[in-house]
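Novice: Listed below, chain by chain, are the residues.
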Amino acid sequence: MSVDPTVVRHVAELAKLTLERDEQAALAEQLARILEFVAQLDEVDVTDVLPTKHVIEQTNVTRADEPRPCLSQDEALEGAPRADAGHFVVPAVVPAVAPAVVPAVAPLPIRKIPPD
Amino acid sequence: MAHHLAALSCTETAHGIAAGDWTATEVVDATLSRIEAHDAAIGAFLATYGDAARRRAQQIDADPGLRALPLAGVPIALKDNLCVTGQRTTAGSRILESFLPPYSATVVQRLRAAGAVIVGKTNMDEFAMGSSNENSAYHSTANPWDTSRVPGGSSGGSAAAVAAGMVAGALGSDTGGSIRQPAALCGTVGLKPTYGRVSRYGLVAFASSLDQIGPITRTVQDAALMLSVIAGDDKNDSTTVPTAVPAFHQDLEAEAADFTIGVPEAWLGEGVDGEVVNAVADLLEDLEDAGATLKPVELPHEKYAVPTYYVVATAEASSNLARYDGVRYGFRSERQDDLAGMYANTRSEGFGDEVKRRILLGTFVLSAGYYDAYYGRAQCVRTLLCNDFARAFADVDVVVGPTAPSTAFAIGEKADDPLAMYLSDVFTVTANLAGLPGISVPCGADAQGLPIGLQILGPALGEDKILRLARLVERLRGPWGPAPLGGP
Numbered sequence: 001m002s003v004d005p006t007v008v009r010h011v012a013e014l015a016k017l018t019l020e021r022d023e024q025a026a027l028a029e030q031l032a033r034i035l036e037f038v039a040q041l042d043e044v045d046v047t048d049v050l051p052t053k054h055v056i057e058q059t060n061v062t063r064a065d066e067p068r069p070c071l072s073q074d075e076a077l078e079g080a081p082r083a084d085a086g087h088f089v090v091p092a093v094v095p096a097v098a099p100a101v102v103p104a105v106a107p108l109p110i111r112k113i114p115p116d
Numbered sequence: 001m002a003h004h005l006a007a008l009s010c011t012e013t014a015h016g017i018a019a020g021d022w023t024a025t026e027v028v029d030a031t032l033s034r035i036e037a038h039d040a041a042i043g044a045f046l047a048t049y050g051d052a053a054r055r056r057a058q059q060i061d062a063d064p065g066l067r068a069l070p071l072a073g074v075p076i077a078l079k080d081n082l083c084v085t086g087q088r089t090t091a092g093s094r095i096l097e098s099f100l101p102p103y104s105a106t107v108v109q110r111l112r113a114a115g116a117v118i119v120g121k122t123n124m125d126e127f128a129m130g131s132s133n134e135n136s137a138y139h140s141t142a143n144p145w146d147t148s149r150v151p152g153g154s155s156g157g158s159a160a161a162v163a164a165g166m167v168a169g170a171l172g173s174d175t176g177g178s179i180r181q182p183a184a185l186c187g188t189v190g191l192k193p194t195y196g197r198v199s200r201y202g203l204v205a206f207a208s209s210l211d212q213i214g215p216i217t218r219t220v221q222d223a224a225l226m227l228s229v230i231a232g233d234d235k236n237d238s239t240t241v242p243t244a245v246p247a248f249h250q251d252l253e254a255e256a257a258d259f260t261i262g263v264p265e266a267w268l269g270e271g272v273d274g275e276v277v278n279a280v281a282d283l284l285e286d287l288e289d290a291g292a293t294l295k296p297v298e299l300p301h302e303k304y305a306v307p308t309y310y311v312v313a314t315a316e317a318s319s320n321l322a323r324y325d326g327v328r329y330g331f332r333s334e335r336q337d338d339l340a341g342m343y344a345n346t347r348s349e350g351f352g353d354e355v356k357r358r359i360l361l362g363t364f365v366l367s368a369g370y371y372d373a374y375y376g377r378a379q380c381v382r383t384l385l386c387n388d389f390a391r392a393f394a395d396v397d398v399v400v401g402p403t404a405p406s407t408a409f410a411i412g413e414k415a416d417d418p419l420a421m422y423l424s425d426v427f428t429v430t431a432n433l434a435g436l437p438g439i440s441v442p443c444g445a446d447a448q449g450l451p452i453g454l455q456i457l458g459p460a461l462g463e464d465k466i467l468r469l470a471r472l473v474e475r476l477r478g479p480w481g482p483a484p485l486g487g488p
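So the protein sequences, as listed, match chains C and X. Per the working numbering, the very first residue in the first sequence carries number 1; after that it's consecutive. Per the working numbering, the very first residue in the second sequence carries number 1; after that it's consecutive.
Quick caveat, the hints were computed from the structure, so don't treat them as lab data. Glycine included, every Cβ here is placed at the ideal spot set by N, Cα and C. Please note that a few of the clues may not be correct.
Said to hold, decoys possible - Computed from the model, here is a short list of chain X residues facing chain C with C-beta under 8 Å:
| # | residue |
| --- | --- |
| 1 | R55 |
| 2 | Y343 |
| 3 | C386 |
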């Protein structure tokens, strides 16, 4: 089996990995060898065989739907590369647009959330 | 004196502290000086906690209640994929270089509650992906019996620390052999419990349906003791089995006549080093002479275990490792023009080659058009493999063979050949796929004096059986003790 570099690029995109061109070629070759090895599984007759979902028979484990202690907001944010005012900060999702072409929009009214 | 204390087993250390033969402070000092003297050459540790360990030892020495605990004052090392509150937990990866967990793993809490003193974190293959410790983003680890050779992996740092006499006990994790294979290569005892026997809460996830935490020690008694401490139901891990945990360490002695031992013929055949085959065959003969019944067992789907494993494990890994995106914790790339670019740059700079390879393979086998052909099929073959073992355990108490097909290989020997490296797990991945308990116990040496491990697999929740047979093997072949490194 051979693996086309376009397949490697597609899978890398799905996995959010950027690969250099030489990395793509090397990985295409390694993946091809591994998949050839995995192709042994095609010999096995799996007609009417159910896939393994869990190795030890267990029924669903549930608990009462009650609050219990958890990390505080500060603790949850402590490890973040960037945080501000109780939020994780990431680069802009919507590309910045030159101010001249942005139509003036009235600010959204702030809806008051009633206290518990 | 100092060396003598570091050479004690966990059990002896705790008994001596309870009896007043030595203090926890003396034991911890001996451990820290042994690490100080030899870890530059071995590279077993990624971090040590000298001050905290000494403070804890003083507390234990001052409190008769603490001195009576089962692991009182016993220095223990943790594989660096186990979370400890506020202590850097890297999983051997650059992407977690700065990660300080806000909580401790259940196993860490249980060890501490039993009196253990956590002395540091051990090196490992990045995200537990590897069989040699060469995939650590930080440094490689040497085998204490021959420092030009690998200690095995991925819990190579834990196995090396125990073999070097730096600690008497360490925790590792085992997804496809990562406790048992390094234990075998380092002349130590390594136990992978039944899936669900030990809580995975606070373990950095690799492949969630395969991962288990377990002990690496120099004696079977110590492995049993550590398992008794860490095992059991945990509300923070819904896959834990709510079955009561026996005091494994209190019921270890058995006679050979108590065992019907299953031997899969293929495990002593092609692809296994002659010296490994001979050591295992000699031991089986001795067990038979002592009264054990040997019985050939058929595991018709066992030969598909490695390809099945590499589909299932990489699929789960690709999903588990999706969380490393540079947003909530860990490393974030400096190159972050937009969100998608930040994700991709963070992951590409933060992960090493083997991790990227496995994420790509896992993403591929789960992707549209390939899911049924690869992942779906592998999960069905997994069912057939589970059935093979269920049939075998109807006839035999345990299944035995070599833990690894060779003794410790040279550093660099397999580093450029992923497939050759994957095949060093050929005998160990089955236990993870079928969720079974397995132990590796030393059973001989090759011509260079390198240790050979015997693997014993048992039925689900049959840790008592495999521990008892391992103890019998230890009575016949003896434990290896710490490697003679010279100095303290």
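Novice: Now tell me, hint by hint, if it's right for this structure.
Specialist: Right, here's what the structure says about each hint:
Checking X:R55 against chain C: minimum C-beta separation of about 24 Å lies over 8 Å; hint violated. Hint status for X:Y343: holds, given a least beta-carbon distance of 5 Å to chain C, under 8 Å. For X:C386, the interface hint holds, since its Cβ comes within 8 Å of a Cβ in chain C; the closest pair sits about 6 Å apart.
The structure shown violates just one earlier hint, number 1.
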